[in-house]
Each structure stands twice: as structure tokens, then as C-alpha cells.
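Number of protein chains: 6
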Amino acid sequence: MQFLPGYLDHAEGSCLVTVGATRVLCAVSLEDRVPDFLVGKGRGWLTAEYAMLPRSTHTRSQRESTRGKVGGRTHEIQRLIGRSLRAVVDLEKLGERTLTVDCDVLQADGGTRTTAINGAYVAVAQAVAKLVDAGLLAETPLREPVAAISVGIVGCDLLVDLAYTEDSRAEVDANFVMTGSGGIVEVQGTAEGRTFERRDLNRMLDAAWDAIAHIHHLQARAIASFAGAKRRTSRPRAKAIASSTRPKRAPARR
Amino acid sequence: MQFLPGYLDHAEGSCLVTVGATRVLCAVSLEDRVPDFLVGKGRGWLTAEYAMLPRSTHTRSQRESTRGKVGGRTHEIQRLIGRSLRAVVDLEKLGERTLTVDCDVLQADGGTRTTAINGAYVAVAQAVAKLVDAGLLAETPLREPVAAISVGIVGCDLLVDLAYTEDSRAEVDANFVMTGSGGIVEVQGTAEGRTFERRDLNRMLDAAWDAIAHIHHLQARAIASFAGAKRRTSRPRAKAIASSTRPKRAPARR
Amino acid sequence: MQFLPGYLDHAEGSCLVTVGATRVLCAVSLEDRVPDFLVGKGRGWLTAEYAMLPRSTHTRSQRESTRGKVGGRTHEIQRLIGRSLRAVVDLEKLGERTLTVDCDVLQADGGTRTTAINGAYVAVAQAVAKLVDAGLLAETPLREPVAAISVGIVGCDLLVDLAYTEDSRAEVDANFVMTGSGGIVEVQGTAEGRTFERRDLNRMLDAAWDAIAHIHHLQARAIASFAGAKRRTSRPRAKAIASSTRPKRAPARR
Amino acid sequence: MQFLPGYLDHAEGSCLVTVGATRVLCAVSLEDRVPDFLVGKGRGWLTAEYAMLPRSTHTRSQRESTRGKVGGRTHEIQRLIGRSLRAVVDLEKLGERTLTVDCDVLQADGGTRTTAINGAYVAVAQAVAKLVDAGLLAETPLREPVAAISVGIVGCDLLVDLAYTEDSRAEVDANFVMTGSGGIVEVQGTAEGRTFERRDLNRMLDAAWDAIAHIHHLQARAIASFAGAKRRTSRPRAKAIASSTRPKRAPARR
Amino acid sequence: MQFLPGYLDHAEGSCLVTVGATRVLCAVSLEDRVPDFLVGKGRGWLTAEYAMLPRSTHTRSQRESTRGKVGGRTHEIQRLIGRSLRAVVDLEKLGERTLTVDCDVLQADGGTRTTAINGAYVAVAQAVAKLVDAGLLAETPLREPVAAISVGIVGCDLLVDLAYTEDSRAEVDANFVMTGSGGIVEVQGTAEGRTFERRDLNRMLDAAWDAIAHIHHLQARAIASFAGAKRRTSRPRAKAIASSTRPKRAPARR
Amino acid sequence: MQFLPGYLDHAEGSCLVTVGATRVLCAVSLEDRVPDFLVGKGRGWLTAEYAMLPRSTHTRSQRESTRGKVGGRTHEIQRLIGRSLRAVVDLEKLGERTLTVDCDVLQADGGTRTTAINGAYVAVAQAVAKLVDAGLLAETPLREPVAAISVGIVGCDLLVDLAYTEDSRAEVDANFVMTGSGGIVEVQGTAEGRTFERRDLNRMLDAAWDAIAHIHHLQARAIASFAGAKRRTSRPRAKAIASSTRPKRAPARR
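Protein chains in written order, with my numbering: chain A, 1 to 254; chain B, 1 to 254; chain C, 1 to 254; chain D, 1 to 254; chain E, 1 to 254; chain F, 1 to 254.
Take the hints with a grain of salt, since some may be wrong.
Identical copies go unnamed one by one, so any copy, or any two together, can satisfy a pair.
Derived lysine to any residue pairs resembling SDA-like cross-links, with alpha carbons at most 25 Å apart [unchecked claim]:
1. Lys-41 x His-58
2. Lys-130 x Thr-47
3. Lys-93 x Arg-63
4. Lys-41 x Tyr-164
If you are wondering where the hints come from, they were derived from the structure by calculation, not from laboratory data.
Please build the complete structure, drawing on both the sequences and the hints.
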């Protein structure tokens, strides 16, 4: 898993995140206004959009712009990304501003929604750091980091961070979004064509937390390097922060 | 919670389900064909659609047909309903047939997605019973019942089966879909603006299972009454099956 | 023909109307604003929308929301419903308010557009009664009742209130909308693949008026029962008002 | 009222029809196939589309292509045009062919739907004459002419063939479609904000028939001139056939 | 090439332009407002829309309104028309007004985009002349005329003003838009499946300028006749201004 | 200008091309079928799509998928990219295959359409090389390289390869697409609010050819390095091929 913060020049925050063959470009845009339902309430908002480039996948998909509508899976994922980040952003401290997070999948090999959340946190951190540096915010509205991981059950094995071929074979597929203090933001556990038991859920939660704690560590290094680079240079371009491998996979007997 | 199976005359299966002020009309349509990706595989398919009538809500909403597109929330819910029912239908036993489940909310007061799943199971049971009665299937493809319930945390209280005003105040909102044998089909736990802990998840699971077991009981009575009615009359219109109250709510101190 | 006023809790007015296997749910929403073309003119507006649930018909139809557009037949019907009701509502007495009438067909067996008009009148009566009861209007803006009926010529027979199988066989199909004083609001007579003569039109008008006068009587009883229920109870749920049969059909030799 | 048949070179049939400031271009396209619901039944089909150029009206309207959908009024009119012409075309004699009638309003000053029907009949006559001339049909599938007229009641006056300013003031507006033998194809009588009586309907029918008989005469001359022109020249361009005035208007006391 | 200015009664400016079998109806609408990006800048705007009637072509095309979207070719052409006219309109002299030019192709036989530009200039001239005549503008905002022509290379021949059958055979197809003083507004030269050389471009430019100078002459006569007609009559309908032939075609050996 | 061929793993050909702050990701997808109009003709096809990520620009733009339609500028550019590449691909040698070129702008600072063409050629070269290497094609269908450049006139200066701030100030903006042998594929010269002369066009052509010859050189190096890398390794990832600077800009007095 490699984070490349500041990949874009125009966006207030950005991060190209790579894990295996999956590459997601996260861009954060800041606007000094809020949606109608929040006007005058002194609070900000954060919303997310998600899309896949047509040839991010093994075979080319039709563009959603050409089809003229956004599909159900896309809607579901972008709602998840938005909720996950709102869990760690203090919207009152943000003030009447909107952060729009665009997660565009350049290449997909499983785990695009969790990878998007992981990179989006880094990109949001960059955007709010600029607000603090510019004196527009007294302190950061970020309460703690947030990260996500997928865990699946294939046959009898528990697999962490599913690649595409694993994901399509998984009978139980769960996504966990958790914060630095171990709080749960989102649990989504789904069985397709079978069911699972409470102890399966507990084992998946254990494995998810191990992986998420590791991702929080990588996110922190990416943000630190970026903050450091910023202090040293006028046009910061942080070096890539990578772990030597994917978060440890633990294919263990159930 | 009241189930009124056979509410519609044309549909192969149907059920009007009422809980509090929430009323969902579930209709099952049977077709002797499958989507392209399943042709020739000897298996069936089940898909669901969900919609709200414009004045099902406290204030009128614009029709999705007028807006020209189906919203993200709608997509998310109809995918959930489909997955939940596919978990208990043996698609190979169904043969190359498609069951389309339409869940239309006549009136909404919270819990429409879980109510839809509960009624949809009864409507599907009616449709497959007709296939068995007609000798088109040797045995039912239904493995076991499936039902759903929402559980929320409001302040320090755990609330089961959230009404709208409770739902909008809930800081943690979870939906559970479980089968008659206690297997989990789906767990969706979401915090908005805060997080929750593992013991919260465990307490919500306990409460959910109590409620779901009760719903399975009511579903079984509705199906039995319908089957009985069918034997006695030529144009069956089963009497409503209702519990005297909503599934017991357990507002307990955390 | 059975009227069940007050079927919905949230809507300002509502009526579930049943005739044969046809069931239409009419809901009236009241807003304190008017469309742009009427702003500042001191008059109100009434508009209608019409839709069929996908499995209201013998075989399932695709949702208009999924197709992304509203079909021609739908447009034609909802314009007819709106015009019919505006003929009996004094829009100046209504003041700068908009009544939106939603007619959703739960089950269709012919005559859905005329049934929708008949139920919509009762629902509108409930909504404006609330305005009067609340002291917001000095007197009702309803001038007189309005009702509609279809009449067809099948072979040599004149049929009143066509069921679906009759409707599809009718060579001449006419809809009449008339008020309590016998005024004509709308005459739509259509031949498909043949023509008809003036004396056919006159015979259809005679038959229509007989049926419409009977429907006005049932509408009045439904409204009265509702008004009575309201005086007696805090949460009114009027009992269903039904005629023992469909309006008399007069299959007579031409 | 002026008919200019053969206005277009590519279309199988065409007619530019002018009445007052209203100008409608009717084009008929012939295809050797039928819609799915008619395949293999040995019958043909006729369908119509109607549109207004954006600046046909006093102030410019947005194009329906830009809005991305076809409006309700457009749908209603094109269904009327199609029904009116199908009433006089013997679809079995036409064989498995489809006639598509496009009526595009170049300029509008009231009466566009009736003008479209009047011109469309001439254009269809040209298209089927070509089929007969080419030996593809043994005899014409046209049974008799069809024409349409609007009649309105403004205050106490009866007005035939309403211009725009009259139409917008009319309290009762009726369209009549009738054939050469006096058969009625369609009666649409609508009151906006008031009602009308049976004797009003009868007076409007009388006036309509006078006007329609005159239009049938003009249509016949246009078709004859075209047929004659065809015999004399290789590239026929029939001269315009016009009545010296609009069909006589009879503003009479009621 | 024939210009018929003032073809429409409602539009501020209009021109029906015919060249060979191609006929384009140009209508100019004037509004006293500008798009958002120009509000308060004291300048006007000019925009264009282009469409083809469904049976303008040899075989019928589906309406863009029915397809629900405007195609790529349509967009490209209407942007070209807008740019071409903005090159000769002094938008500051126009003041805060918008001219919308609608070019609707009644019949197409090649060269519709260039024919649209040629007619649109005449229609715009009529619209701005009305503003000057009404004293709303002190002087005309038109700097000089603008016209367009297509030139193609088919085999070894250079062809000016391509008809459809020539256009579809052309290997190099170029459109030139030039003003009265010989200034170039737009050059679009495209090869399909081959390339062309600089001397080809120069030869096409020579031929284009000869044709365009001739069109400017015809445009001037059309505008003059219209201005004259206006002085003499209250309801001007200028006589058609035509050249005896299409602009001279010069099929010369390369 | 930097070419990074093989940036994507799944696509048959790909290239990330960077010039200044502009970054375009080109992906080529190969399918063994052709559009309907080419079936059975023994020829292939090449088509292109173009899109900008929402935050590729200085301020965020709405996604075209959300707006539900593809804009005019997008259509115009993707048609240009397709034509440019078809000029150098021998579609008969390609056989009945379709190459779909997706050009997605990750970041935009002017020149995205020309940059897209330049990168697309490299990506297409990679895709067809795979077909040749796999023995599916006897020889490459690429006849010669193709590249594009923008040239503008700002005030009195001629500028090559316009950055965004230059582009928006340019009064004359031209794009040239030329092949390795100096053949012209496309010339698009546009003036906004003024005109230009023939000698301006000639000077722009001179400057364009200098720049394009240099780009052809860089394209050749990128393709060579990729071909070499392929011979040496099993999973080729060519090193980036860059010129030390943008193509030389020649701001010269006119």
C-alpha cells in the first residue's frame, strides 16, 4: 500500500493510493458554501463521489456519462465514503465550508471502496492542513484517522484485503471502517447465497482491526512527510509513502 | 406488525405489510426466463425493486420517474432486499425462472427497508407455493425464513424497530437480516457523526435476534393461513395476520 | 365501488377507491405556494400525477423511473385528472395554495383514469375540509362534485364502466366527466379502426349521466361519513363507503 | 387554408399546410417492417410524431431534445394524430409496412393539432399513391378522407378554427375529427374552469361538420392536383391548393 | 442559393435559405438578458442551436427529443454557427441582450452547416435592424457580413459546396467561414483515411473565397430587399433573393 | 513532455502523458468485433472517448455522469481524437477488430486535446504491437506516427502549445494534427471575436510542424523503450521517456 499525497496541483488536497494493482486517485475540493439544508447553521459538510475509469477493469465498461445515469453500486460506494469521513471530521469546527472528495479508480483489482476511503483521509488531511496553515481555522477539524479494510471468507479461509479474484469467490464479504481509537464507523457484512454466524463476524472484526491499525500508521507517515516537505519547499511534492507489502494477509483455518 | 398476504389478484405472490404507520405493498412476479448472465446455467434469479409513493412521507417528494433517475438510497435498498431473499432461495431448485419482487411504500414511518424484506418473504412464499401446487416444482426452493429489523442507539438507549422520529435521532443505526436458523445474511451498522464499540454491536445483535425470531413466527402464521384459505375457497383472500403490538421495544439503559 | 377516505395518515387528503379489481390510492398534498405563472395573482392551483405500480397489471411493466421518462399515456391521464378537478374548485377561493393530487394504481382492471378522478374528488374534499376546519378558509372552494365514467361500444352493446377485457375489445371508447349539476367537464370519444355516429354519442351520454349521478351519491356519503367520524374521534378513520355493486351496467341492444 | 403537397423531395409523402399564421410541415416515411407486436400478423401500422420548432411560438421555447424529454402535450397530440389517421387507413390492405407521420410546426397561431391532421392526410395520400403507382399495392388502403377542426365557446360566441388569441380565451375548447362520410373518429370537448351543456356540444358538432366538409374538399383538390402534376412532369411539384379564406367562421349568439 | 428573409412572423429575425435540395429555416430570438457569466458586464451574447427534422434526410432519423439527448455532431455544428456569428457581431454594441439563432434543417442534401451560417447572418441582420429601427440601438452591432462554404477533394477534383453524394465520397472535407473583408473566422480541414498537403489547403482556400464573396453579395441583396420592403409596407414579406444557380462549382484537375 | 507507456496492467495499450501540469491517461481496449455498419466488410474500427476528472481543473466541475449527458465540447474532442488516429491506422489490415481509446484527463493546464492525441498514438502502438507479437496480425496496421499541437496568437505573439492561461487569452486558437511524413490530418483554426489572415495561418502551420516533428521523435523513443523492455522482462513497465522541456516555444513578433 503506497500513498502519494499531493499528486494533483489544483486540488486543495489529493492522494494517489496504490495497493496491489488497484490505484485510486483521491481529490479534495474546498468550497466556502454549504448545501441548502445547512445554510446558516454554522456547520460544514463533506460529500464524496466515486467513479471507475472505463478501462480500470479487466474488460472495458461503458462510461456512466454515456449511459446517462449513475449505477446503484456507484451510489452505494460514494455514500459509504462520505459517511466514513464525516465520522472523523468535526463539521462545526470546519465552519460553513464543503469538502467534496472525488475518488476515481484508475485501475481496479479488488478493494476499491476501502482503498478510496484510505486515500481520501490523507487527501482530506492535506486540504484541512492548508486551511490551518492559512490561518482560516484555529485548529484541525480532524478528530482521529479513519481507515477501511475488506475481509472475506472463502471456503474455510479468512482473507484480509481481497483482490478481485478472491473477492469474486468470497461467500461472505465484509467491509469495516474504523477510527484510530478503535471505534467502529461502519460494519457491512454480506453473505451471498449462504449465511454466516456471530463467531465469523467476531473473527472478521479481529482481523480487520489488525489491518486497519497498520493502515493508520501508513496514513500518519504520509501526512507527516507531506507536512515536512511543505515546510522545506515552495512547491511540495511529497515522496511516496509505502509499506513493503500489502497489509499482512492471514489465510488461516477457521 | 400485520401481514395481509394475497392482497393483489394478478401478482403471483403479494403481501401488504403494516407496522405502525408504515405500510409496504410487496408484489412478486414470476417469469420463465433469466437474465443474460444466467442463460443455460439451470439456475434461477431473484431481483427486487423498491420505491416510495410521493406522498408516503410527511411532505410530498418528487417522483423518481419525473426526476428521470433512481436515487442512490433507492438503489441501495433494492440491492439489499434482493440479496436478503436470495440468501434463502435455492436458485438451482427454482430452475430457469426469475422472481421480481416489487416493494412499494404506501406510507412511511421508519423501517421501510426492513418491513419490505419481511413482507417480501411472505409474498415470495406465496409465489413459490403456487409453483409447487401447480406441479411445476417438486419441492419448495425456500430453505428457511428470512426477516430483518433495525436497531438504533439514541443517547444511551437501545431501540428496536425505529419509527421515523427515532430513526432521525439515532446516532448509530443498524439493520440486521437473519434467517430462521439464526444465520446472519446482512449486518449493516452505521454511525453518523460518532463511532460505536464492539460491545454496542453485540448488544444490538442480541436485541435484533429476539425481534427477528418473533417476526419469523408471524410470517409462518401468515403463510399458513394463506395456504389454509387456499384449500377452502376458490378466490382466496387470507385474513390479516397481526401481532397485537409492534415487536417489543426494549429501551434499556446501556 | 368502494371509497375509503383518510387511508393515509400524512396526506392532507386521501382516499383508497376500489371498483371491481381496480384499486387506486389518491393522495392530496397541500402547499402554501403556487407555480411561477400564478405568483401574486391571488389564485391557487391544482395539479395531478398518475402512475401505475409495476405489478398492478396482469403482467409486470417496467417502472417509469427505471425507464427514465414518463410515457405518453401517463401524461394524457394526469392532465385529464387535473382539468377535471379544476372544473369544480374555485381557485380564487383556494387562495395562493397548490393542491397536488397523486393517483397511484395499486391494481388495474380497466377504468383506472375514471376511478382516479372519482377518488381524487373525495380526497380533495377531505383536504379542503381541513383548511375550512382550521379556519384558513372562510368557505369551501368546492363548487359541486365531479365524477367520471367510461362507456364503450362492443359489437352492438353499450357497456358502462369497462373492465379491462371489455375495454380492450371496445371499438368505441368514451370517457365522460360531469358535475353534480349535470354540466360536462370533459367528453373524450375515440374510435379505434372505425367511426361512430352522433346518435351513438347521444346514447353514450345518457348512460354516462345515469352512472355519474350514482357515483356522486356515493362520493357524498363517503365525505359525510368522514366529516362525521371527524367530529366524534380524534384520529378519524372513516369506515368504507360502498355500493353493493358496480354502477349498474346496461348492456342493451343498440 | 393552403395545402402544398410534395414539399419535400426525400419523404415518400409530404405536405406543407398553412392556415392563417399557422404552418405545419407533414412528412410521411414508409418502412417495410412493423412494430414487434404486429410481426407476422399481415397488417401494417401508422404512427405519428409531433413537435414545434423552438421559435414557432411568440416567445422561444426550449427544445425538447435539450430538455431531454418529450412533454405531456406533445405526447397527447401525437397519439391523437396517429389514431385519427388509423381510422381511415385499412391496415390489412397496407400489408406489413409502417407509415410514420412527422408533423413539425414551423409557426404556430392556434389549431396546430387539427392543422397537422389535415395536412397529414394529404401526405399519407401521396405516400400510398406511390405504393399503388409502383404496383406494390393493388388498391389504395385509404377508405375515406379524414379532417379535424377546433371549435370553441368564447363568452357567448361559437368560434370555428381558433387562432391562438381566441384559443387562449376560450372557456370551452373542442376538437372534432370526422371522415368524409360524416363518421366521428374523435370528440374531445374540454371546459377549463367552467362546464358546458349537451346543447353546446350539439351546436359545436354542427359547426364542426360544416368546416370539416369544406376541408375534405380542399384536401381532394390538393391530392388531385398532385396526381395530375405527376402525370405531366418527371419531378412533380404541385401548385399550392388554397381556399380564398379560412373556413367560414360563424360567431353567432348562443 | 435562395434567401427568403422574414419567413416567420413571430421571430425577431428569420430566413429560409435554400441551396439545391437543402433547406434551412433560421430564426433569431431576442431577449433582454444575458447568461449568468455575462451579467453586469455591459455586453451581449449570441448562441445557436441546430437540428434536423427527422425526415430531412433520405431515410428517417429518430428525433433527438425521443432519444433524450443531443448528439455529438449536433453539438459541434451549433458551436460552429455561434462562433461564426459572434465574429461579426460587436457584443458590446449589442448591449445586455441575447440573440438565439435556431437553425432547423427542413431538408438536407449536403452543406447544412454552411447553409445554416449563411442564412443565420441574414436573420440576425433582420433582428438587429429592428433594434436600430426601434431606436433601441444607436448603430448596428454588425461589423461585416459572414458566410461559409464547404470545399472537398474527391479523387483529383476540387469541389465547392458539396452535395450529399459528393460529401460522402470526399476524402478531404473542409469548411471555411470568412467575413466580407476576407478575414478568416474558422478553418476546419479534415481528411478521413488519408492526409492532405499544404498546397491542397491553399487551393481550397482560393476556391472558398471566390464562393464566399458571391454569397456575401446575395446576402446583401436579401437584406436590402427586406429593408426596402419594410419601408413600403406595414407587414413586410420580402421576395426571395436567388442566384440563378448554385455558387459556381469548379471541378478542376488538381 | 513525458510519455509513460504501459501505465495500466489490464488495458491492451496505455500511456500516461504529461506536459507541464497537464496529465492525460490514455487506455486502449481491443475487441474482436466491429460496429454494426462495418460487420462483414473485413475492416476494423477505431473510436475514442474523452473525459476530464471533476478536479482536473482549477475549480471542480460537475461530473458528466451526474449531469446525465455528455457536453458539446467533450463530443467535439472525442470525434477529433478518433479521426486523427484513424488517419494513420490501416483499418483493413487491422481486420474485424475495434480499438477503443479512452483519454481521461487527470489534470488540465491547457492542450488536453492535443496531449490526448499524442499519448493515444503511443497507447495504440502498444496495443497493435501485442497483436503482431501474438501472431494475430502479420504486420502492423500503423502507417506512420500522428501528433498534434496547438498554436495561438496572443496580441502580436505566436505561441506554441498553449498553457491554460495563454489559451484563455488567445484571440486565435488553432490545432494541427500531422503525420510523420508531414501530411495534414486536421486543421482547426478559430478566431473568437476577431478574424485572422492567410499569412497568420501559414505562420501557425510552420510553427506547428516544428513542434510536431519533435513530438514524433519522443513518441518513437517511448515506443522503442517499451518494445525493448518487453524483450527483456516478463512484466514490462517502460521507463518514462521525457524531453527536458516542453516543445520549444517561439514567442516571436508577428
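message: Flag every earlier hint the structure violates by its number, smallest first.
response: Result: hint 3 breaks, nothing else.
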